[in-house]
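Colleague: The residues making up each chain are set out below.
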Amino acid sequence: AAGVIQSPRHLIKEKRETATLKCYPIPRHDTVYWYQQGPGQDPQFLISFYEKMQSDKGSIPDRFSAQQFSDYHSELNMSSLELGDSALYFCASSNLSPGRGQNEQFFGPGTRLTVL
Amino acid sequence: GEDVEQSLFLSVREGDSSVINCTYTDSSSTYLYWYKQEPGAGLQLLTYIFSNMDMKQDQRLTVLLNKKDKHLSLRIADTQTGDSAIYFCAELSMGGDDKIIFGKGTRLHILP
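Going down the list, the sequences are from chains F and U.
1 is the number of the first residue of the first sequence in the numbering used here; add one for each residue after it.
1 is the number of the first residue of the second sequence in the numbering used here; add one for each residue after it.
Please keep in mind that the hints were generated in silico from the structure rather than gathered at the bench.
C-beta atoms are modelled at their ideal positions from N, C-alpha and C, and glycine is treated no differently.
Some clues are possibly wrong.
Said to hold, decoys possible - To be clear about the criterion: a stretch of chain F counts as covered by chain U if any three or more of its residues have a C-beta under 8 Å from a C-beta of chain U, and this derived list gives those stretches:
| no. | region |
| --- | --- |
| 1 | 30-43 |
| 2 | 48-57 |
| 3 | 89-98 |
To be verified - Reference excerpt, derived from the structure (chain F facing chain U, CB under 7 Å, subset only):
| no. | residue |
| --- | --- |
| 4 | Ala19 |
| 5 | Phe107 |
| 6 | Gly110 |
The shape of chain U in the complex, shown without the other chains:
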């Protein structure tokens, strides 16, 4: 079945780069997403990548996609305290319904 896995915690010093990794199982997924959720808040779509792309860059965010290994990563350059949140990796289900399958989320903790 469809599954998305990611590590649960990541601690990074302020100013360093954060790299959050994710693996997924559905090789036919056309869209892969990164969502950000701050404490008590809703889901914010950070970025997404189409499956025929290897990389997408948007300001401090860089998404890398290795389709062969079904591996997705999110790099946040110059990590700030405001980046502290849970980051969900997600894939678009190809079961004909277009629902989004989320990973468990990676909690990013910023060290001063």
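This is chain F alone, in the form it adopts within the complex:
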């Protein structure tokens, strides 16, 4: 069965550079969630999209932005990278709209971003 695809799987950047992470949800899934997992930390919610509109925002820095495109894939854009942005970034997708209290999110393998 198709799963959530994230690219790239690994990314190395230097401070103050920009990075773009991509997420391709499971076919027919129209809701996408982004999570950030710092070293030794639990995943933290960043932002979510449903039907190409931002659904909710968590602890996402202003330096980050994201969008969902017409084919439902999503991109997380990160600018002015800092050492503390080094983390594993997960994307999850769902075929249920947010806010219905019933949800199964399927996680991608993650993108490991290292900022030097």
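Go by the hints and put chain U onto chain F.
Modeller: Quick look at chain U alone, frame taken from chain F:
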């Protein structure tokens, strides 16, 4: 606010049962999850339980939910070396956004 707590470490002998415990704060959560994360790998959904259930069993995994005490546990029977991983307890946020709130994770170490 929403919070999920679990102990950070658990050591179990191979062949024994592992029991990982978790408490959560949002009594209105409809879904509670257990995720497994092996070193350097992604998050694997092991199992989930709907809030109107007390127990769910799936092969070697048994999930128990005490809604009154807001306590969730994961029992792994006949623990194997391949079960060595970090196990995250998580709840579905009921704030209208359906984000998942994770605990800090329990690192399960298997003793030979």
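Colleague: Look at each hint and say if it fits the structure.
Modeller: Here's how the hints hold up against the structure:
Counting residues of the region 30-43 of chain F whose beta carbon lies closer than 8 Å to any beta carbon of chain U gives 6, which reaches the threshold of three, so the coverage claim holds. Residue count for the region 48-57 of chain F with a Cβ under 8 Å from a Cβ of chain U: 3. That meets the three needed, and the coverage hint holds. Under the rule that three or more residues need a Cβ within less than 8 Å of chain U, the assignment of the region 89-98 of chain F holds, with 5 such residues. For alanine 19/F, the interface hint is violated, the least distance from its beta-carbon to any beta-carbon of chain U being 19 Å, above 7 Å.
With a least beta-carbon distance of about 4 Å to chain U, the hint placing phenylalanine 107/F at the interface is held under the 7 Å criterion. Taken as an interface hint, glycine 110/F checks out: its beta carbon lies about 5 Å from the nearest beta carbon of chain U, inside 7 Å.
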